[in-house]
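Protein chains in written order, with the numbering used here: chain A, 2 to 177; chain B, 2 to 177.
Everything labelled a hint here was simulated from the structure, so no lab data went into it.
Treat each hint with caution, since some may be false.
Claimed, not checked - 20 angstroms max Cα-Cα, derived DMTMM-like pairs, lysine to aspartate or glutamate: (1) B:K123 / B:D63; (2) A:K162 / B:D152; (3) A:K162 / B:D17; (4) A:K31 / B:D63.
Stated by the list, open to error - One-sided and incomplete, this derived list gives chain B residues near chain A with beta-carbon spacing under 7 angstroms: (5) M131; (6) Q133; (7) E136; (8) I139; (9) L165.
Even for Gly, the Cβ is constructed at its ideal location relative to N, Cα and C.
There are 2 protein chains.
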Amino acid sequence: MPDSDAKGDDSGAVLDLASRLRSEHHQSLKLWQRMLSCTVRIENEIRARLRATFGITLPRFDMMAQLNREPRGLKMSELSRRLMVTGGNVTGLTDQLVAEGLVVRRATPGDRRAYNVRLTPKGKRQFDAMAQEHEQWITDLLSGMQRDERDALYESLDRLKSTLVTCLPSATDASA
Amino acid sequence: MPDSDAKGDDSGAVLDLASRLRSEHHQSLKLWQRMLSCTVRIENEIRARLRATFGITLPRFDMMAQLNREPRGLKMSELSRRLMVTGGNVTGLTDQLVAEGLVVRRATPGDRRAYNVRLTPKGKRQFDAMAQEHEQWITDLLSGMQRDERDALYESLDRLKSTLVTCLPSATDASA
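The whole structure should be built from the sequences, with the hints applied where relevant.
Pasting the structure below:
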């Protein structure tokens, strides 16, 4: 919708404001749909490659990635919070990974109801191998853009993230 | 990691290439993590507001949004394909919406195994009311950015989308 020019009378100014608001809504919605669409395309491709190459699910990869960042492990509650990304069932995932010797789950000293989960050396090795491949996939998927185009996108997203931290303060977390 | 300067001998050139590749990997991974993080923050906020305001799930909203774009309805198989976004169980969602009179499901003429689903007038009215609110939420969540910042982000994402269509041709779809 074209921006209407400023008018000399009040009704023109009101129309102009309404038109600008509609235009802003339209722009924001298009932007969000484009961002969601790009993210989902990449995520679905990664999900398919993880399954085909390593036989694992995306929630499982994401959980091991979170644990890999914290050599001393994470409380189950913190792990659940961080894994809102994929909505994986943390308890079920942990049970599987414990059975395969990839993570250990231990009671937290001083808090018998809280469990701490961390990667075993075997889990760390398995994750490192997958992470290397994952990084290559991401590099390939983004390689259609020039380096300066990727820089520009990163800077825009950085700006968006800083405004989201302000308007959604509860959403701050330790992830990128 | 700082870019290393070009070297005069072969070992320097090899090191330089390796360093540039590592730097590109690092940049791409950071970019992807930032994009995923921004998308998930907004998506989780929208999910929470849909539940609090309208008592509905995000997959249900997404399904009604897809049907709203197609007044003549969609085949179940096409609906499933488009809803990879949220992984909603299309059959279960359709059963619920039929029971509430918000969609109708009819056999496709000439293909008894294929069902067509479309919004009822009641479903359309309910979706329109939710969509108006949803658009306002998106506008508010992105309002921390200036208009030209949003334009820049949209242009970057547009560029990304066009490169993804090339490297993931199977991912082309009718969505934004």
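Hey, A:K31 versus B:D63, does the alpha-carbon distance stay inside 20 angstroms? holds, 15 angstroms
Restraint check, 7 angstroms cut-off on beta carbons, for B:E136 near chain A: Status holds, d = 5 angstroms.
Are the Cα atoms of B:K123 and B:D63 separated by 20 angstroms or less? holds, 17 angstroms
Would you settle whether the hint for B:M131 is holds or violated, based on the nearest Cβ-Cβ distance to chain A being less than 7 angstroms? It is violated, given that the least Cβ distance between B:M131 and chain A is near 13 angstroms, above 7 angstroms.
Restraint status (C-alpha distance of A:K162 to B:D152 at most 20 angstroms): At roughly 16 angstroms apart (the allowed maximum being 20 angstroms), B:D152 and A:K162 satisfy the hint.
Report holds or violated for the interface hint on B:L165, using the least CB-CB distance to chain A and a cut-off of 7 angstroms. Cβ of B:L165 sits 5 angstroms from chain A, so the hint holds.
For A:K162 and B:D17, compute the direct alpha-carbon distance and say whether it is at most 20 angstroms. violated, 32 angstroms
With 7 angstroms as the cut and Cβ atoms as the points, is B:I139 at the interface with chain A? Because about 5 angstroms separates B:I139 from the closest Cβ in chain A, which is inside the 7 angstroms limit, the hint holds.
Residue hint B:Q133, partner chain A, criterion CB-CB below 7 angstroms: Given a least distance of 9 angstroms, the restraint on B:Q133 is violated.
Violated hints for the displayed structure, listed by number in ascending order: 3, 5, 6.
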